[in-house]
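Asks: Working from the sequences, and respecting the hints, build out all of it.
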Amino acid sequence: MLAFMIRRLLQSILVMFVVALIAFLLFRFVGDPVNQMVGIETSVEEREALRERLGLNDPVLTQFVRFIAGAAQFEFGISYQFKRPVAQMISERFPATLELSIMSAIFALLVGIPMGVYTGLKRDAWLSKIFLTVSLVGISLPTFLIGILLIFLFAVQLQVLPSFGRGEVVKLGFWSTGLLTTSGLKALILPSITLGLFQMTLIMRLVRSEMLEVMRTDFIKFARARGLSRRAINFGHALKNTMIPVLTITGLQLGTVIAFAIITETVFSWPGMGLLFLQAVQNVDIPIMAAYLMLIGFLFVLINLIVDLLYVMVDPRIRVDSKQAL
Amino acid sequence: MSETPLTPRAGEQNALLRFLDSDILYSFRQSKLTMLAAAVTASYFLIALFSPWIAPQNPFDLAGLNLLDSLTPPSWHPDGVPEFPLGTDDQGRDMLSAIMYGSRISLAVGFASVAFAATLGISLGLISGYVGGAVDTVIMRIADIQLTFPSILIALLIDGTVSGLLPSVAREDTAFWVLTFSIGLSFWVQYARTVRSSVLVEKDREYVQAARLIGLKPLTIMARHVLPNVLGPVLVIATINLALAVITEATLSFLGVGIPVTQPSLGTLIRIGNNFLFSGEWWITIFPGVALAILVLSVNLLGDWLRDALNPKLR
Chain A
1 MLAFMIRRLL QSILVMFVVA LIAFLLFRFV GDPVNQMVGI ETSVEEREAL
51 RERLGLNDPV LTQFVRFIAG AAQFEFGISY QFKRPVAQMI SERFPATLEL
101 SIMSAIFALL VGIPMGVYTG LKRDAWLSKI FLTVSLVGIS LPTFLIGILL
151 IFLFAVQLQV LPSFGRGEVV KLGFWSTGLL TTSGLKALIL PSITLGLFQM
201 TLIMRLVRSE MLEVMRTDFI KFARARGLSR RAINFGHALK NTMIPVLTIT
251 GLQLGTVIAF AIITETVFSW PGMGLLFLQA VQNVDIPIMA AYLMLIGFLF
301 VLINLIVDLL YVMVDPRIRV DSKQAL
Chain B
1 MSETPLTPRA GEQNALLRFL DSDILYSFRQ SKLTMLAAAV TASYFLIALF
51 SPWIAPQNPF DLAGLNLLDS LTPPSWHPDG VPEFPLGTDD QGRDMLSAIM
101 YGSRISLAVG FASVAFAATL GISLGLISGY VGGAVDTVIM RIADIQLTFP
151 SILIALLIDG TVSGLLPSVA REDTAFWVLT FSIGLSFWVQ YARTVRSSVL
201 VEKDREYVQA ARLIGLKPLT IMARHVLPNV LGPVLVIATI NLALAVITEA
251 TLSFLGVGIP VTQPSLGTLI RIGNNFLFSG EWWITIFPGV ALAILVLSVN
301 LLGDWLRDAL NPKLR
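Sequences listed follow chains A and B, in order. Going by our numbering, the residue at position 8 of the first sequence is 8; the numbering climbs one at a time, nothing skipped. Going by our numbering, the residue at position 130 of the second sequence is 130; the numbering climbs one at a time, nothing skipped.
Hints are computed from structural coordinates only; laboratory data are not their basis. Be aware that one or more of the hints could be misleading.
Unchecked claim - Derived DEER-like restraints, expressed as beta-carbon distance ranges:
| no. | chain 1 | residue 1 | chain 2 | residue 2 | range |
| --- | --- | --- | --- | --- | --- |
| 1 | B | A223 | A | I189 | 53 to 59 Å |
| 2 | A | G236 | B | T174 | 55 to 61 Å |
| 3 | B | L165 | A | T62 | 33 to 39 Å |
| 4 | A | K186 | B | D79 | 30 to 36 Å |
| 5 | B | N66 | A | R123 | 37 to 43 Å |
| 6 | B | G215 | A | Q282 | 52 to 58 Å |
| 7 | B | V290 | A | T42 | 38 to 44 Å |
| 8 | B | T174 | A | L25 | 18 to 24 Å |
| 9 | A | G236 | B | R205 | 52 to 58 Å |
| 10 | A | I130 | B | T262 | 40 to 46 Å |
What the hints assert, rightly or not - List of simulated lysine-lysine pairs, DSSO-like, C-alpha gap at most 27 Å:
| no. | chain 1 | residue 1 | chain 2 | residue 2 |
| --- | --- | --- | --- | --- |
| 11 | B | K32 | A | K129 |
| 12 | A | K83 | A | K186 |
| 13 | A | K122 | B | K32 |
Unchecked claim - Listed next, the stretches of chain A that the computed footprint assigns to chain B, with coverage defined by at least 3 CB atoms under 8 Å from CB atoms of chain B:
| no. | segment |
| --- | --- |
| 14 | 65 to 73 |
| 15 | 186 to 196 |
Just so it is clear, CB atoms sit at the ideal spot from N, CA and C, and this is done for glycine as well.
Replies: This is how it looks when you write it as structure tokens:
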């Protein structure tokens, strides 16, 4: 167990190292940082002085170490485009993205699991067929298209929900939240559905296939033979056994949700990190790109690590396997 | 798998006969939905291929456009005219023609990036599985790291970086290739992993050992003996990947980092039309959107069917 954890930890550090290396190479070699910071009329000597002051003439290895040390303190320099510290810009926008991601995950779980259970238990009901068709459409439609269609329907035609922004936000210390005002909550509805729809279909299909699998197993047959109620079998035994993979996938998908937030945030002009990153890509604003890459990389590695460790704790069979793998 | 028409060394005549008699064709005939999806996909391919000849108008020829025609609604609308069945955009461009040309570009990017991803992935998978050792470890670790991140994020990053490296004048001309490269590079892992695991199984089979014994070179063994055995799953991945690649292209173009406005793909058309959504000209964005959705849905259905048809466990 300990060996597995250490091994997994080392792997995570390696991934983080590679991500940091890519971010650093981006930062250092795509475009010239000095050119981006000064005007056209700056003389060569001044440029050289700035270069020296920023430490761009030091050996690359020294610069890399300095970059990592900076990143560890969440220090990524100044944005080329906005001339403001990147760390400050990202932390301003982080709450918006996190609230959106969590709301969409809640939506995906609350709608996806019941639909999955229903389609798993009543395979041939017409409602199941409708659910499955809808899920296929949900998987096929690109996120941005779903967003546009929702905007067209609810904001342009029916005019009941806002199509952009966060609505009114309340400041709680450094955290700005849209969950406490009506306009903030209303503004959350369409983006959360857009972002969560793909996860919802995924969860629904997963629960369905797991349910189908579990219902065929001997212990369910035995539970039936014991005369347990249908309800106890379906929810107490079958659904409970589908929850481990569902929670794993949901956990792993959290990273994907944050990545897909880029698209949703663009469609709905949601002032989150994703929109910031996209604007940075369009304008080749490397410090923001590098910082976002590091942050996302860290989140992904952290989520993967937690899910893996939880899995080992929950399922004892993996512990045995991992010993053989070592 | 031996029932499939994929075994290349069987005689031409023989292969055709076997194909007509195969389970695959049978299961294709059994499913009406699959046949519909195949028909829709095929018509998209034909339209994409022949759009310069069958489209009512050349949407890129600015001389052929008339600004007086701009923002015409679809023909069934009271203000619509039969000349423009799906209406026109702000420059008087016929939407139907724009969608035909747009599908052409979307599919071109899709095919090119799938071909690139498959070539790269299959080669690396073969090498990784057959050579093993340190090479295998390095390739698979890179694959693991890449798999940690969603492919759309990787495509976006590569696209952003490469565009950053290129001078801004060249960006418009190279957009197609940059996009193909980014999407292809974000999809290779799946091929590599599938091929590698098949190679590991096939490698120790008697027929491969025999081929090795009679002194065939590793390259020949891989290409002629191992590769045909892994083509089935690769074909399934490629089909599903085509849908994904088209979605990725459309998404990147919609986000404004993909195909430029001068040669719009479906995603670019949706991006352009999105600006008109609130002023009532919904057809500029909804029609390309529907066209994209139908294309992706049909390809996905085909991919799903192919996966089930090639999976002997489900027969």
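Asks: Against the structure, test the hints numbered earlier, and report the numbers of the ones violated in rising order.
Replies: 3, 5, 7, 9, 12, 14, 15
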